[in-house]
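*Asks:* Each chain is listed here by its residues.
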Amino acid sequence: MVSEVLDIAHGIYRKLEAPGTMSSGLKVEVRHLNAFYGKKQAIYDVDLPIKPNQVTAMIGPSGCGKSTLIRCINRMHELVPDARVEGQVLLDGEDIYGKSLDPTQVRRRIGMVFQKPNPFPNMSIADNVVAGLKLTGVKNKGRLEEVARSTLQRVNLWDEVKDDLKRSGASLSGGQQQRLCIARALAIEPEVVLMDEPCSALDPTATAKIELLISELKSLFTVVIVTHNMQQASRVADYTAFMYLGKLIEFDETTTIFENPKEELTERYITGKFG
Amino acid sequence: MKSRRFYMDKIWIALTFAAVIIAIIPLASILFYVSVNGIPALNWDFFTMLPPPPVAGYVGGLGNAIQGTLILVALASCIGLPVGLLSGVYISEYGRNFYGRTVRFLGDVLIGNPSIVIGIFGFYLIVIPLQHFSVLAGAVALGVIEIPIVSVTTAEALKLVPNSLREASVSLGTRNWRTSLLVVSEAKRGVATGALLATMRVMGETAPLILTVGLSNFWYSGTSAPVGSLTAFIYYYATSGWTPWVNLAWGAAFILLVIIIGINIVVRILTRGRGTNG
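As you go down the protein sequences, you meet chains E and F in turn.
Each residue of the first sequence is one higher than the last, beginning at -14 in our numbering.
Each residue of the second sequence is one higher than the last, beginning at 13 in our numbering.
In short, the hints are calculated from the structure, not lab data.
Mixed in with the good hints there might be a few duds.
If you want a taste of the chain F side facing chain E, the calculated C-beta under 10 Å gives, among others [said to hold, decoys possible]:
1. 113
2. 114
3. 138
4. 141
5. 142
6. 143
7. 144
8. 168
9. 171
10. 176
11. 180
12. 183
13. 184
We put the beta carbon where it would ideally sit given N, CA and C, even for glycine.
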């Protein structure tokens, strides 16, 4: 009973805060976000604006909370036992933690690519691409084949695998697997693609291919990428957020962050003085 | 001059080797004895005829016992496999809380529970109220034995599926039950192995059947009547002293042994490629 009243009050509070966000021109807006693992706080009051059709990078030393933050944007954080989130994440002005949105709907609109390539090992390459469609109930074979082909072309993997579509996804090289995972995330046509250190398990050639792909993708999607590689952020991102100890220290256009940072902490980090 | 450690090492290896021999001798003699006595008892009549009366000159077989055992195991699996599988999914996928841990603990306790206890449970819960032995009571008792085995082996098989696959599935906007189905399909070899082992275990049960199904010299006649089973016939015939019956008991023992070995071979084949393909 008490919790219901609190929920309603919370909803009203959120509605009061919401006006104006629709016209903000932001695809995603993180507002006053705090994230916890049990009693341990991992994210402290983060505000982050993410513009549509741009690449936003999050950089910072290990354990700074950048992966936790990105996982709060598609409600993956709460899958960890005892994990919880406070604050708002607005997607087109609508709070993804609000009552009206179901987490599965949120995740269909905000896709994710993980640090380690994780194709489904018992599925073929083609089935991996359309796994999201199949798992959400699409059965039309012709449509599935068409989506598999066009999505593999989009991630520049089609020419490499077109003769082996029936082979296991696990038989590909690491870089190919990661592009397969990107294809799997794109096949459900999300609006935002989150990438959690997508190249950290890959060699430089595979990394270059993924970076090229990211810059191609931004015409169709909004991309958020977590990386521990500052050169990567400067190569692919339009905007960069620097995080340290769970706090957002500085956010700006990538060129500003790397050439003319306002915070001393940011400057020390990008010049390699710590981290 | 060899050191003391050299000899200690030799003695240690000799001890372990001796233990292996001691373990193998009874197993090998069982196989040998059951084969020697069981194979001659097998003929066409054994599989097709009903048990003979204890009168000289009658021939007969244990066709109804083979039929009964198959029906009992099939019905028990109708209870044990779905309930065990689903509770295994719960324990592994959603049971990271007090309730899940309790269920898991009870599963372990039930696996170690002597089957005769479950027989008594079936006897008082079903046989006494219905006033007669029945296939139903036996299937329930065997099903109850199967549940925790399937449940615990399923949970263990699912826990081997890397979490990254669950995350991949969830991140695609998949509902929980779909993700669970995907995890089960990734672990299907392990799950199938557990199901087979559970089936094998109940196929060899005797005590719960004697307390719930009783015995019948006739063919299967519905779930509310008793039925013959291989293990119950072994129990009654082996101690009867009537030579044709004793021979039939040996034959039944041999058939059970062959089925169990067969299931074990299937399990071996299923688990051989493990790690590369779930």
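*Asks:* Taking the hints in turn, state whether each one holds.
*Replies:* Hint-by-hint comparison with the structure:
no., hint, in the structure
1, 113, "violated, 12 Å"
2, 114, "violated, 16 Å"
3, 138, "violated, 40 Å"
4, 141, "violated, 43 Å"
5, 142, "violated, 45 Å"
6, 143, "violated, 50 Å"
7, 144, "violated, 48 Å"
8, 168, "violated, 18 Å"
9, 171, "violated, 14 Å"
10, 176, "holds, 4 Å"
11, 180, "holds, 5 Å"
12, 183, "holds, 4 Å"
13, 184, "holds, 4 Å"
Going down the numbered hints, you'll see the structure goes against 1, 2, 3, 4, 5, 6, 7, 8 and 9, while the others check out.
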